[in-house]
Amino acid sequence: MSRAPVLEVDGVSLSYSGRLVLDDVSFEIGEGEFTGLIGSNGVGKTTLMRVILGSQRPNSGTVRLGGSSSAPRGSLLGYVPQKVVLDPDVPMRARDLVALGLDGQRFGWGRRTRQQHAAVEQVLHDVGAEGFANSRVGTLSGGELQRVLIAHALVSRPKLLLMDEPLANLDPKSVQEIVSLLHRVSRDHEVAILLSAHEMNALLPAIDRIVYLTAGRAASGTTEEVVRSEVLSKLYGHHVDVLKLHGRVLVVAEPGHERNDIPDHPPLTIS
Amino acid sequence: MHLLFEPGFFTSGPVHTAVLIGSVTALVSAIVGVFTVIRSQSFAGHALTDVATTGGSGAFYFGITPLVGFIGGGVVGAGAMDLVGVQRVRSRDLATGIVLGAATGLAALFLYLDTTTSATTGATQQILFGSIFTLDPSTVPLVAALSALTLFVIALVYRPLLLSSVSTELAGARGINARAVGLIFMVAMAVAVGLSSIAIGSILSTALLIGPAATSLRLTSSLRSSMVLASVLAVATTCVGILLAYDSSYWDPSSQGLPVSFFIVAITFLGYLFSGLPVVRRRVGRRRGDLEGARAVDVGSRPMSEGTA
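As they're listed, the protein sequences go chains A and B.
Numbers 0 to 270, taken from numbering that gives the first Met the number 0, label the letters of the first sequence in order.
Numbers 0 to 308, taken from numbering that gives the first Met the number 0, label the letters of the second sequence in order.
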């Protein structure tokens, strides 16, 4: 890898009430790289995010951020959680929520400096949220809210942005807009992005690397390196075919092995 | 009869004390109330008034000043609700209901003991519905100190409290301990409820906690303006309530005057109803000038113009 890694996940294993959720997961993310964390629901994507955030301790293995395993993570990490539900009756404007991304964890009433206001305006512009910056956050559409949440996470200039299923529940047009926005953001802000999704096709044109997760085990590399029959068959423990059709990728299990843990589509039967 | 101010209103010592304590406690209730409403903890706030009733009636029985009982009861109740799980959304109502039920049962016992063992027949009335004109001026410093402390604590945790009120997930992502912040807020809420209990009674203190806050949240577009408006409404309501109650003893010379808490709650309720009128909301929406307000106006007017065209 040419660029210095921002995130190094090394041999992370974690079991949860007797079940092995993460099984010796290792991968790296370089500076400014846009990485897709792909896997169907329940394979441990959110758990892996929590381990990287430091809110859950792995049973073994290490997570190093910016070359250190003990540095305070707040300043290096931006995080957009899954399913943020906001109340339309709360009088908080989109720009207020973005500003809390700068200092929401600090004590006190908080008077913001001119530079801080400028930083909020800049990031609102960068994510294309100026048009609804004064609307209440609870009244925003799914795509608008994602932009505001990205701005909230980005305004403190982290080195790594973790996004847990930001594309779920978005219409296809919004998915495309958010993906190309993130692609641009990772380049312009030199921020690495780790985005989890159960659908990889929308991401393929934008991402630099992929971490493919199934049943707690991971394979990582470029899309060409990972999304191949040999690699994924080894990961799943049974044979799967990788079909490339019209620029889309389909992972198909052979009959008898249709499972729910293949991303992108319900199990297919080939007759 | 005079038009507005009956004789002695500005010179009466009890009125001075009442206005002072009423205004200060209303201010605290309004500020804490805004957070109570946006955190959807109105029910928890109401449960705290019941626990405050228990504390107040218990204190009365043991000869302690009710203020100590109101606040002590509320704080213990806040801790109990936290232990039973008020912070998990799913068990929130259950935890609140359990604490509320237990507290009210105890309050029934204490109020019974208060009225049967003491010569004061007005104990129940005083605890539940307040008696602002009989407040001892010596409680003013304590009330002021507790109010200042509560406002200071809210200001101290303002940003983490705000973020965790909007979304516990976003707060957690910034390393904020939402549970700790929530517990601090519950204690602040207990003190606010205890303070307004001495003014308008423990049962009615919910009205001053929720009413001005809910009204101002309907009419403003930012949290800071909500807090300012809620404070103004709460203090004005309390002062007008005191004035009307004072005047009411002149309306019918044979009576002693009507209770302050009735007027305060009535004004609060009418204000909330008024703020919900479509014409008021639409004007505010237009003045707000944001997309959301403009859209609401559009949707409201379109069917009419289409019908006439």
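These aren't lab readings, by the way, just hints derived from the structure by calculation.
Given the structure is predicted, the values throughout are model-derived calculations rather than measurements.
Beta carbons: idealized from backbone N, C-alpha and C, even for Gly.
Keep in mind that the hints are not guaranteed to be accurate.
Just so you have them, the derived chain A footprint on chain B, three or more residues with Cβ under 8 Å [said to hold, decoys possible]:
hint : segment
1    : 41 to 48
2    : 214 to 224
Lysine to any residue pairs mimicking SDA-like chemistry, simulated, CA-CA at most 25 Å apart [stated by the list, open to error]:
hint : chain 1 : residue 1 : chain 2 : residue 2
3    : A       : LYS82     : B       : ARG38
4    : A       : LYS82     : B       : VAL186
5    : A       : LYS233    : A       : LEU19
6    : A       : LYS82     : A       : GLU223
7    : A       : LYS243    : A       : GLU223
8    : A       : LYS158    : B       : ARG38
9    : A       : LYS82     : B       : GLU168
10   : A       : LYS172    : A       : LEU244
11   : A       : LYS82     : A       : LYS233
12   : A       : LYS82     : B       : LEU257
13   : A       : LYS82     : B       : GLY84
14   : A       : LYS82     : B       : THR167
15   : A       : LYS82     : B       : ALA177
16   : A       : LYS158    : A       : GLY220
17   : A       : LYS158    : B       : GLU168
18   : A       : LYS82     : A       : GLY130
Covered stretches of chain B (in silico footprint by chain A; criterion: 3 or more residues with CB under 8 Å from a CB of chain A, positions within the stretch not fixed) [stated by the list, open to error]:
hint : segment
19   : 157 to 163
20   : 171 to 181
Hint check results:
no.: 1; hint: 41 to 48; result: violated (count 0)
no.: 2; hint: 214 to 224; result: holds (count 6)
no.: 3; hint: A:LYS82 - B:ARG38; result: holds, 18 Å
no.: 4; hint: A:LYS82 - B:VAL186; result: violated, 29 Å
no.: 5; hint: A:LYS233 - A:LEU19; result: holds, 18 Å
no.: 6; hint: A:LYS82 - A:GLU223; result: violated, 31 Å
no.: 7; hint: A:LYS243 - A:GLU223; result: holds, 11 Å
no.: 8; hint: A:LYS158 - B:ARG38; result: violated, 32 Å
no.: 9; hint: A:LYS82 - B:GLU168; result: holds, 9 Å
no.: 10; hint: A:LYS172 - A:LEU244; result: holds, 21 Å
no.: 11; hint: A:LYS82 - A:LYS233; result: violated, 32 Å
no.: 12; hint: A:LYS82 - B:LEU257; result: violated, 51 Å
no.: 13; hint: A:LYS82 - B:GLY84; result: holds, 22 Å
no.: 14; hint: A:LYS82 - B:THR167; result: holds, 11 Å
no.: 15; hint: A:LYS82 - B:ALA177; result: holds, 17 Å
no.: 16; hint: A:LYS158 - A:GLY220; result: holds, 20 Å
no.: 17; hint: A:LYS158 - B:GLU168; result: holds, 20 Å
no.: 18; hint: A:LYS82 - A:GLY130; result: holds, 23 Å
no.: 19; hint: 157 to 163; result: holds (count 5)
no.: 20; hint: 171 to 181; result: holds (count 5)
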